[in-house]
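Student: Using the hints provided, position chain B relative to the given structure of chain A.
2 protein chains.
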Amino acid sequence: MTEPKHAKRSKKVPRINHRTVVGRRRRAKTEEKIIRSALAVFARKGTHAVIDDFIKAAGIARGTFYIYFRSTEQLLEAVRLLLTDEHNRVVEEALVGIDDPITRLGTGIRLWMWRAEHDHAWAGFVARVRLHGTKSLEAPMNDLRHAKRLGQVNVPSPLAAMHLMEGAGTSALHGFLAGRPVKGYGDAMTTVILQGLGVDADTIRTILSRPLPKMKALPRHEELPD
Amino acid sequence: MTEPKHAKRSKKVPRINHRTVVGRRRRAKTEEKIIRSALAVFARKGTHAVIDDFIKAAGIARGTFYIYFRSTEQLLEAVRLLLTDEHNRVVEEALVGIDDPITRLGTGIRLWMWRAEHDHAWAGFVARVRLHGTKSLEAPMNDLRHAKRLGQVNVPSPLAAMHLMEGAGTSALHGFLAGRPVKGYGDAMTTVILQGLGVDADTIRTILSRPLPKMKALPRHEELPD
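Protein chains in written order, with this note's numbering: chain A, 1 to 226; chain B, 1 to 226.
Pulled out of the complex, with its shape left as it was, chain A reads as follows:
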């Protein structure tokens, strides 16, 4: 599609000069440094961490911290969003080529279990810090809506479906972290969640028997600065 001839460029073109660009980049870099080093702090201390922990980890002055974040709660929210976006991205990439909604949803749950089992650094702070609830379930809830239209699921309300996935998904993190899980625990958790969504036994079996797609480019949180 070509632009219609009468389309006008916005009159509000921001004035950019070299100094502005450099300053903006530096600010973005500092903000990312604070968020990334906060990941390691939350991984160690959970939500008990205080502002001193964060400025020490990021190697910045207290005043600098407050330029970017008004409170540890705000920083926590930024960390949540970062983790959520990262996980959504790697799962989305792994699901490329799968079109059937319930297979996408079920495979997404399997990938969650796989990561919980193999990426303990991630599981550790997602269990403690939590992902951004609504945002982390945007993609699965989208698949769920499509699956519902096709009669693949049977749930009394989307909210209940969301809370089931959220709650059982978090429980599973703790299960893997406790080191308890017996063989097949991830598949068992996937099964009870899909059953909860009203998926029939044959479909669950088919989903579990598919080869699990790889999650590429997982961020390696364990290599974060300490």
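In short, the hints are calculated from the structure, not lab data.
Take these hints with a grain of salt, some might be off.
One copy or any two copies: either way a pair holds, since identical chains are not told apart in the list.
[What the hints assert, rightly or not] Pairs of lysine to any residue residues, derived as SDA-like cross-links and limited to a Cα-Cα distance of at most 25 Å, are as follows: (1) K135 x H174; (2) K183 x L159; (3) K183 x N154; (4) K183 x T134; (5) K214 x T20.
Tutor: Just chain B now, with coordinates in the frame of chain A:
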């Protein structure tokens, strides 16, 4: 059964005198006072509460605290056990007369939802402080085993079933506390959990249509000292 004649009483009969009994009673009372006032502290501050909060709330000296608890973690565990025991007791009493295992289990879940909706003080600190995981699910897991023997449920593993109930049950607390839930949210959560346990649709409908038994003598946490 009568005692066999050769049974001997233990030679280690503890020596009890009036002073010991009084002292023991006083100690038990102080311990309970600390635990009960800790409930209110955890309700306000969650697990961020520190030892100063607890000694202030209980009106005791720091030294006295350490006679009973070595750390806030140990106190937290005592609070967890108290809340767990209390909830188990009221639910158990409400279920008297119901013998069918899946009806017991399903009704127990409905009672959980009912309490989450109507007893926000309780929901608030169970969501923050958590119950004693294994102990709070002893009774439901017992019903689950019986239900499994009767073919009323279909779960790949008891651990997965437990984590499903635990996770979705906690999620529901947050759901009620957020004030979001639409009408029928509690029933919807009960439905997805029972579906997750592999209970068939007709049985779920029957369980949900039964009159909900009353939970008598609910502890009134909101009246705890502030």
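Student: Give a verdict on every hint.
Tutor: Hint check:
Taking the closest pair of Cα atoms, K135 and H174 come within 25 Å of each other both inside a single copy (21 Å) and across two copies (17 Å). For the homomeric pair K183 and L159, the shortest alpha-carbon distance between copies (11 Å) is at most 25 Å, but the shortest distance inside one copy (31 Å) is not. Taking CA atoms no more than 25 Å apart as the test, K183 paired with N154 passes between copies only; the shortest distance there is 18 Å, against 29 Å inside one copy. Taking CA atoms no more than 25 Å apart as the test, K183 paired with T134 passes between copies only; the shortest distance there is 20 Å, against 31 Å inside one copy.
In the homo-oligomer, the alpha carbons of K214 and T20 never lie at most 25 Å apart, since the shortest distance is 41 Å inside one protomer and 67 Å across protomers.
Comparing the model with each earlier hint shows a violation of hint 5 alone; every other hint is respected.
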